[in-house]
Amino acid sequence: MRTIDAAAWVCLLAPLAATTTIALLGNRLSRRHAGYLSTGTTMISFAGAIAAFAAMLGESPAARAHATTSWTWLSAAQYHFGFTLLTDQLSVMMMLIVSGVGSLIVAYSVGYMDGEDEERRFFAYMSLFVFSMLLLVQSGNLLLLLAGWGMVGLSSYLLIGFYQERPEAIAAAKKAFVINAFGDATFVLALFLLIQHTGRLDFAGVFAHSPHGGTVANLIALGLLGGALAKSAQIPLHTWLPDAMEGPTPVSALIHAATMVTAGVYLIVRTHPLFEFAPKVADLAAGLGAATLVMAGLIALVQTDIKRVIAYSTMSQIGYMFVGAAAGAYPNGMFHLMTHAFFKALLFLAAGIIIHALTGEQDIRRMGGLGKAMPHTRRAFLVGSLALVGIPPFAGFFSKDSIIAATLDRGAFGYCLFAACLAGAFLTGLYTFRLYFVVFGGEQSEFAKEHLHKPQGKLEGPLSMVWTVTALTGLSAVGGFLQFGRVWHPLTTWLDPVAQPFVDASNAKEAIASICAVVLGAAGIYLAHAVYAAKTIKVPKPVTLLEKKFYWDELYDALLYKPAELISQGLGRLVEQPLIAGSIGELTRGFRLGAGGLGRAQNGLVRSYALAVASGVAILAVVFLSTR
Amino acid sequence: MHGPNIGWYIVLAGMLFVIGAIGVLVRRSPLIILLSVEIMLNGANLALIAFARHYGHEDGQVFAIAVMAIAASEVVVGLGLIVAMGRRNVELDVDKLRTLRG
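First to last, the sequence lines map onto chains A and B. Anchor point for the first sequence: position 578 equals 578 in my numbering, and the numbering is continuous, going up by one each time. Anchor point for the second sequence: position 98 equals 98 in my numbering, and the numbering is continuous, going up by one each time.
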């Protein structure tokens with residue numbers, strides 16, 4: 001076995017080993033050690049990813065794709081699908097992000113979940129989540145990718161509903177699962193079409209044999225897009241993501257930064273030829289991404305739960321990635337996916353430190369003035385916020401602006417996307433710094449004075465929480481220097497054999513996009529400062545439309561839930577009660593009567609039995625004789 | 001072939017069988033019922049032997065001997081039970097012996 005294949009298998013299987021070990025050992029493993037085991041194996045997984053990456057560096061770009069099949073996983077008629085891992089430039093990049101950021105988040109959870117009941121279950125699920133996502137990004141054919149896809153949905157369900165005694169958590173978990181199942185279904189339909197038209201599901205074969213253009217190509221791309229929309233929480237399948245905040249904070253960080261929501265972007269980039277065969281669907285994906293990024297930005301303005309604000313910002317940022325990936329700027333989308341993983345994990349984990357210090361409070365209206373008490377967390381949060389808004393030299397500036405520049409290369413439709421992206425940039429500045437100023441600025445609130453508790457010593461939280469946040473702060477600050485426009489673009493070069501972009505923004509366009517985005521982001525920050533810190537502008541009343549999140553939940557309630565409820569109630573009243581319940585009652589009554597009558601025949605009189613036998617024989621004799 | 005026609009044998013066997021059956025149906029003493037069952041078996045035996053003679057096969061005779069052996073063992077068990085019941089002063093009336101009806 002080649003080194004690179006061995007590294008890929010280690011990377012994939014290490015988290016699964018942790019899950020099984022924790023599950024099998026049960027009480028024999030202490031809670032603390034379950035956390036360490038989970039962290040350690042995720043780091044082994046990261047080491048495997050690094051080893052694969054290092055081995056790949058020594059090869060020529062054209063020979064960097066390695067497929068390794070362990071066994072034929074599924075065989076039916078002339079179709080054979082192997083348990084195949086594909087290690088190429090794109091998957092190794094995702095492996096590094098998933099296992100790297102994932103291991104930081106799992107390490108952080110050791111401190112965050114300390115003292116919780118059922119820590120072992122938590123860490124088993126966390127490792128399972130990382131394994132599922134690695135399976136998704138490492139799979140060498142679409143069928144295995146679907147398996148990872150479904151397992152990501154399952155793990156998210158288990159973790160969102162981790163606090164199983166809270167009804168809201170269970171409802172949120174079910175919502176996430178059902179919406180994702182819808183996406184899975186459209187994904188599966190696309191796979192059926194691919195099998196029908198190409199007879200195979202490995203990436204290269206599918207891309208080579210899939211129909212170019214026409215209804216079938218459109219349907220395939222649409223099915224894949226449906227799956228991506230559900231996983232990545234884009235309009236119209238986005239409503240599960242904010243509710244998913246019911247899970248513990250590290251879970252939110254894992255869902256938003258390393259796993260799950262980035263899967264949709266990965267899918268589009270991975271199967272980009274299928275989207276290139278169906279340009280209308282690709283445009284639809286970009287349009288939905290643009291709509292989501294503006295809508296989520298608007299909703300984030302009025303949310304009062306610290307985690308929900310960050311959740312809406314994730315939706316918004318994934319919108320950027322969708323715009324980038326669907327507009328043909330694949331490396332830019334992947335680049336933003338990476339930097340977003342850094343600063344979104346940072347924001348969530350910093351928020352987790354605050355929530356931890358305030359004994360579980362998440363409402364920003366009860367926070368305030370925390371900056372003085374927690375200067376390190378404030379600094380980390382500031383770096384994350386600046387990276388999110390895209391202020392140079394922090395990570396978001398490089399990645400987001402490259403996507404915005406790419407839209408300028410897409411003609412008239414591109415200009416619409418460009419406008420939406422700029423509006424999003426302004427909103428990002430506004431809502432991010434609203435959060436920052438409300439939480440950290442001003443005087444300390446009554447609630448904070450009463451409840452704020454810091455652990456003994458100089459640190460603002462448990463050690464495992466502080467060092468991971470510090471590491472992510474560093475990554476968010478410098479992670480963007482990986483690529484800068486057309487000047488310095490190793491990532492584009494790296495991904496070129498797998499996902500060659502078909503847009504290439506000129507230097508002038510890059511400059512225009514960057515200047516516009518930074519100015520608008522800064523304007524958003526300035527406005528947030530004026531309203532929430534300097535208080536020169538009165539805080540406007542929140543708009544009901546935004547507070548109700550554009551009525552999506554109500555719409556789905558009226559469109560899907562209510563009719564289904566009405567139909568089932570009607571069926572219950574008109575069909576079940578009279579027909580099924582009624583007929584069963586009548587049947588039992590009939591049997592009771594019949595059995596009672598027959599029972600009377602058993603009277604214990606031998607002679608009446610003999611008579612019955614004799615008459616039976618007589619009747620049979622007559623019947624046989626007459627029908628002879 | 002000497003002797004009466006097969007029809008006569010069958011009629012006689014049928015009469016024996018019906019007499020036995022009527023005895024089983026109308027009498028209440030287990031002793032008489034047992035006796036009537038024997039008459040029915042003999043009716044059947046007569047029919048078997050008559051057909052054996054008619055067709056010139058021995059099979060019917062073999063069956064008749066088997067039936068006799070079984071009837072004899074049955075009588076041993078039945079009579080034993082009835083005698084045991086008589087010794088214990090149980091009233092010998094099948095209409096009263098219905099406690100085993102379940």
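Everything labelled a hint here was simulated from the structure, so no lab data went into it. All C-beta atoms, glycine included, are put in the ideal place defined by N, C-alpha and C. Where hints are given, some of them may not hold.
[To be verified] One-sided excerpt, in silico: chain A residues whose CB lies under 7 Å from chain B:
#1 Gly604
#2 Leu605
#3 Arg607
#4 Ala610
#5 Val613
#6 Ala614
#7 Val617
Inset, instruction - Against the earlier hints, flag every one the structure doesn't satisfy and list their numbers going up. - result: Numbers 5, 7 - these are the hints that the structure violates, sorted from lowest upward.
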